[in-house]
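Trainee: Now for the letters of each chain:
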Amino acid sequence: EDQVTQSPEALRLQEGESSSLNCSYTVSGLRGLFWYRQDPGKGPEFLFTLYSAGEEKEKERLKATLTKKESFLHITAPKPEDSATYLCAVQGWDYKLSFGAGTTVTVRA
Amino acid sequence: GAVVSQHPSRVICKSGTSVKIECRSLDFQATTMFWYRQFPKKSLMLMATSNEGSKATYEQGVEKDKFLINHASLTLSTLTVTSAHPEDSSFYICSARVGGNEQYFGPGTRLTVT
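Going line by line, the protein sequences match chains A and B.
Going by the working numbering, the first residue of the first sequence is number 1, and it counts up by one from there.
Going by the working numbering, the first residue of the second sequence is number 1001, and it counts up by one from there.
Honestly, the hints are just simulated from the structure, not real lab data.
Any given hint could turn out to be false.
Claimed, not checked - Cut-off 16 angstroms, straight-line C-alpha distance, at most; resulting in silico cross-link-like pairs (EDC-like, lysine to aspartate or glutamate): (1) A/K96 to B/E1087; (2) B/K1014 to B/E1059; (3) B/K1041 to A/E70; (4) B/K1042 to A/E9; (5) A/K57 to A/E70.
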């Protein structure tokens, strides 16, 4: 069974204080690892897909990296608008996504 | 990116009635659509996978007679919660696979059963 564990559960940052979120996983036949952002009462918003170890992707203040066992989402110089829950998911051979519980990030001005 | 819509965004119904939720891919044809359920402060749990023109595949523990899924076209899937009870109250979210690996999610439907 595919498993995804995210840490920490919650992260409170001061504006400009960079940090990293962790996603460790076990999956049979990884098609891809996904990062989504979810705001309260909304559906997940696609951020990145990573396919192989060593791959990195960036979007504004966010950078995602992937190893064979885990992925990191780095938030550089965060702003209050980066406050959200960040979800990590792995996609197996059957295209199904298995989600972690998420990391709720709060950025204070 | 690809846009997925859901309707309604919120619905309140009485116990024992049925509710239908629509999921549409607006600017692409979806190979596959997925239905998820999310409890407060919890992550998404996959309920079923739906392909156009064929029966949905349900995850273990999901009652197929309670959660009816119809995938009538490449742009529309519907989830009907039959004989709803308060424990069915939840946030229901659909997603659509474009053809590659990416899945794009709808905005969700908040169901409250009184």
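Trainee: Regarding the pair A/K96 and B/E1087, is the alpha-carbon distance no greater than 16 angstroms?
Mentor: Given pair A/K96, B/E1087 is violated - Cα atoms ~25 angstroms apart, limit 16 angstroms.
Trainee: CA of B/K1014 to CA of B/E1059, is that 16 angstroms or under?
Mentor: With Cα atoms ~26 angstroms apart, B/K1014 and B/E1059 exceed 16 angstroms; violated.
Trainee: So if I understand the rule, the pair passes when the alpha-carbon distance is 16 angstroms or less; does B/K1041 with A/E70 pass?
Mentor: At roughly 23 angstroms apart (the allowed maximum being 16 angstroms), A/E70 and B/K1041 break the hint.
Trainee: With the threshold set at 16 angstroms, check whether the alpha-carbon distance from B/K1042 to A/E9 stays at or below it.
Mentor: 11 angstroms, holds
Trainee: Verify the proposed pairing of A/K57 with A/E70, using a straight-line Cα cut of 16 angstroms.
Mentor: Holds - the C-alpha atoms of A/E70 and A/K57 are around 15 angstroms apart, at most 16 angstroms.
In this structure, the hints that do not hold are numbers 1, 2 and 3, in rising order.
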